[in-house]
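The residues making up each chain are set out below.
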Amino acid sequence: MSALTTVFEADGGERQIDGVTLLERLEACRSLLVAPFATERIDLIAAVSEAILKRKAPVSSFAKHFGFWIRHAALLRLQQDFGRRHPAQTLARPRGLVFHLPPKNVETVFLYSWVLSFLAGNANVVRLPREISADMRWICELILAALGNAADRSQWLIHYPSDSDLGRTISAAADARVVWGGDAKIKAFETIPLRNGGKSIWFGDRFSLCVLDGETVAALSETERGELAHRLFNDIFIFDQMACSSPHVLYVVGDADRHLAGIKTLLQALGAAAADKGEASATGHQIAKMVQAFASAAGGLSSEVTWRNAMLTSAIALGEDRSEQRVGGGFLNVVFVPSLAAVSGLLREHDQTVTHFGFPADAIRDVAASNTALGVSRWTAVGSALDFDAVWDGYDLLFELTRLVRVT
Amino acid sequence: MFDRLLDAAPYSLRQTEKEPLLLTGLNELMRFHTERCPDYARIINAAWGGLRPYRAIEDVPFLPVGLFKEMELSSTAVSSIVLQSSGTTGQVPSRIIVDPETATRQSRALIATFRPILGESRLPFLAIDTKDVISAASLTARGAGVLGMMKFGAKATFALSAALETDRQAIRKFVDANGSKPFLIFGFTFLVWTKLYEQFGDGELDLSNAVLIHSGGWKKLEAQKVSNATFREAFRARFNLTRIYNFYGFVEQIGSMFVEGPEGLLYPPNFTDVIVRRPGSWEAAEPGEEGVLQVVSLLPRSYPGHSVLTEDRGAILAIDKGIDNHFGKAITIAGRVAKAELRGCSDVIAASAA
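So the sequences go chain by chain: D and R.
Residue 26 in the numbering used here sits at position 26 of the first sequence, with consecutive numbering throughout.
All you need for the numbering used here is the position in the second sequence, starting with 1, plus 1000.
Read the hints as simulated data drawn from the structure, not as lab findings.
No residue lacks a Cβ here, since even glycine has one placed at the ideal position from N, Cα and C.
Be careful, since some hints might not be right.
[Unchecked claim] Simulated pairs of lysine-lysine, DSS-like, Cα-Cα distance not exceeding 30 Å:
#1 D/K264 x R/K1339
#2 R/K1321 x D/K277
#3 D/K277 x D/K264
#4 R/K1151 x R/K1219
#5 D/K187 x D/K199
#6 R/K1219 x R/K1069
[Stated by the list, open to error] If you want the footprint, here are the derived chain R segments under chain D, 3+ residues with CB under 8 Å:
#7 1197-1203
#8 1226-1236
#9 1280-1291
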C-alpha cells in the first residue's frame, strides 16, 4: 500500500490519500447505498444534463450525446423500462461498492457505466485515465460539484499509478467490478478477487460490422445518400474507427454487377462528408492505409481499392469471405454477399455490433433470431453504432449492477 | 536508355531533356513488372485502373514504400538475395529481391554517382561502422551502404567494435598511414557524429585529405540541435575536413542516391527523379511546396521498385539552376511523415493488473 491515490474533488482540486485512508472511505460508503432510481439521484444526474445542454461554448459531440442521454425524461424512461423488466414479487436493491475501470482511450464510456451504477443505487469508485480531454474533465467537475452540493460521499473519481497494487486493494473492497479495455485488461484482472467472490462485468476486444442492402442503396436519391453517408461518418470516424462498435466491413447484400456502382457513389459521398467534417488523417496513417489496401490488392483479395482521399481508404473484396482486417482511422472493406442469411453465417464470437441499413425490421429480427452461435450482441440502425445503450455487449447493466430481493 | 542516362555526367541533363528519356524507361519498366510480377499486376489493376501508357512521369503508378514490409515482390526467376532494411529496432524490415542483373545496375549507378567525387582510383577506406555490419545473415541498409562504398575503397578499415565503440587506435593508425593522400570516410550520419567527431578533440586528427560521405538522416542529430551546417562547420573546425557529402537514399531503391550538391541541396542523378505529392489527393505539388516524396528510378528490375512513395517529407527547391553543372531537380528533406496514434476501446499498453 505504498502508492498514493489521487482523489478528484468537488471544488475541482485533487487530493492525495494513502491506501489505508482510501480503504476506510470505501468501506464507509458501502453503508450509503440507496434504492435504485432514488429521486435525489435522478435529480442530480438531470441537473448535470441541464448544465451540459445549456452550455453556450461549443462542446464535443460525445458531451452533447451524453447530456442528451441523461436528460430527465430519458432517465424516467430508463426507470420505467427497468421496473417493467422485474420478475413479479421482487425488489431491486443495489449491489454495494462498484469498481469501474474505463478504457484509457474511449474514456467517455465510463460516464455511462458510472451513471447506470449510480442510478442503481450503488457506491462507486472509478479509476480515471491519467490524461482526459478538457470536455471530459469539465463533465467530471460538473458531476463532482453536484455530488458535493448533495453531500453525497459515496462516489469516488480517482487515479492511481498502474504499477501499484491499488487495483488489487480496491478490488478486495468492492462488491462488483466493471472492466473495460479489452482482452489484455481482462487477463490482468481476472485473477484478482473481489470481496466475497463478487461479480465482474468484462468488456473484451470486439469487432463490428455493417450490413447494407445493395438494392436500397442503389435506389437512393442524392439527398438520401448524403444522409446515409453522414450517419456512416458518425459510426466510423468518431473514435478513429477504433471503438468496439465501430464498423470495419460493409457487407452489401446483392451482387457486384448490379450494386457496385451505387456503393461506390456512397463511398464517394462518405469520403466527401468525412473530408468536410473531420481533420485529415495523419499523413503517416494515410500511407499506412494505402499499404494495407495495396497489399489486399496484391494478394488477390480486392478487385478495386480507392485511396485518394485524406480520410477514407476502401477496398472492394473479390470474394464473399469474412474480412477480419481492422486497420482503423477510416478504412473499409466492402464485401458482396448474396443474402442477409449469408451474413449470419459469417459472424464470429468476438463480433459485437452489426449496424444495418435498407432492411425491413422483420428481416433484421429474423436474422438476429436465427443466429444461435456466440457473438453479436447488438443489431442497430446505421448511424447509432456509438450510441451507448443500457444493454451493452450482452449485459443489461442495470440488472447486473443490482440484486433482486424476493418478497412473498 | 539506362545506359545513355548512366554514361552522361550524373546531373548533366536539363529537366526537359531528362523527363522524356526517363519516361520511356519507366513505361518499359511498367510493362516489364506487370508481366513478371503477378502481385504487382493485381495492384496496377485494382489501385491504378490497369496498365496504360503514361504520358508524364507524375502519371506513373507508385507503390507506398511500406508495402515492401508487408510482402516480397519479385519480378525475377533468377536466384536472388533478399535485402532487409534496418529500419528502427523492433520494426518489420523491408524485404527487397535483388538478382545479379539488378545488383549490377545498382553498382554501376553507384559508380556513376560517386566517381565524379571520388575519382578513378580506389581510395583507402575508413568505415565508421563495425565489420559485423557487412557479415550479418540478412543485410541491413547500413550494411548495404558500407558494402556499396567498399567498391571505391582499396582496403577497408572498420572504426567501430561490434558493440559500436570507437576504436581510437585503429583510426589513428589508419590516418597515420593514409592521411597524406586522398582517402574516403563513410558512415551513417549519426555514427559519424557520435563515434568520430565526438570522440576526438580539436586538431587531434588531420582529415584534410578525406572525402566524407554520410547518410541515414538527421532525426537523431536534430534532437541534439545539429543541423547540416553545424555538422559541416564542426568537421572543418575540428579536423580540417571540408569535402563532405550527405546523401539521401533508402533500401527500397538502393543505387539511386541524391547526393549533396550546390546550396546544400540533394540532387537525383540522371536515371532517378523525384515528385513531391500532397497528402490526401496525392496530386503532384508545386515546386517549393512541401509534401511527401515519390522517387522514380530506372534501376530496379528484379522487384517493382521503380516508382515508390516514401514516408519522407521534402520540397523541390531548384530546377535546372546549373550551379557547378548541376541540372534537374534539387530537393531538401524536411523529415518523416507524421504517424497517427489511434484511439480505441482496447488499452494497448496492457493493463498491469493492480
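For each hint given before, does the structure comply? Return the numbers of the non-compliant ones in rising order.
Failing hints, ascending: 2, 7 and 8.
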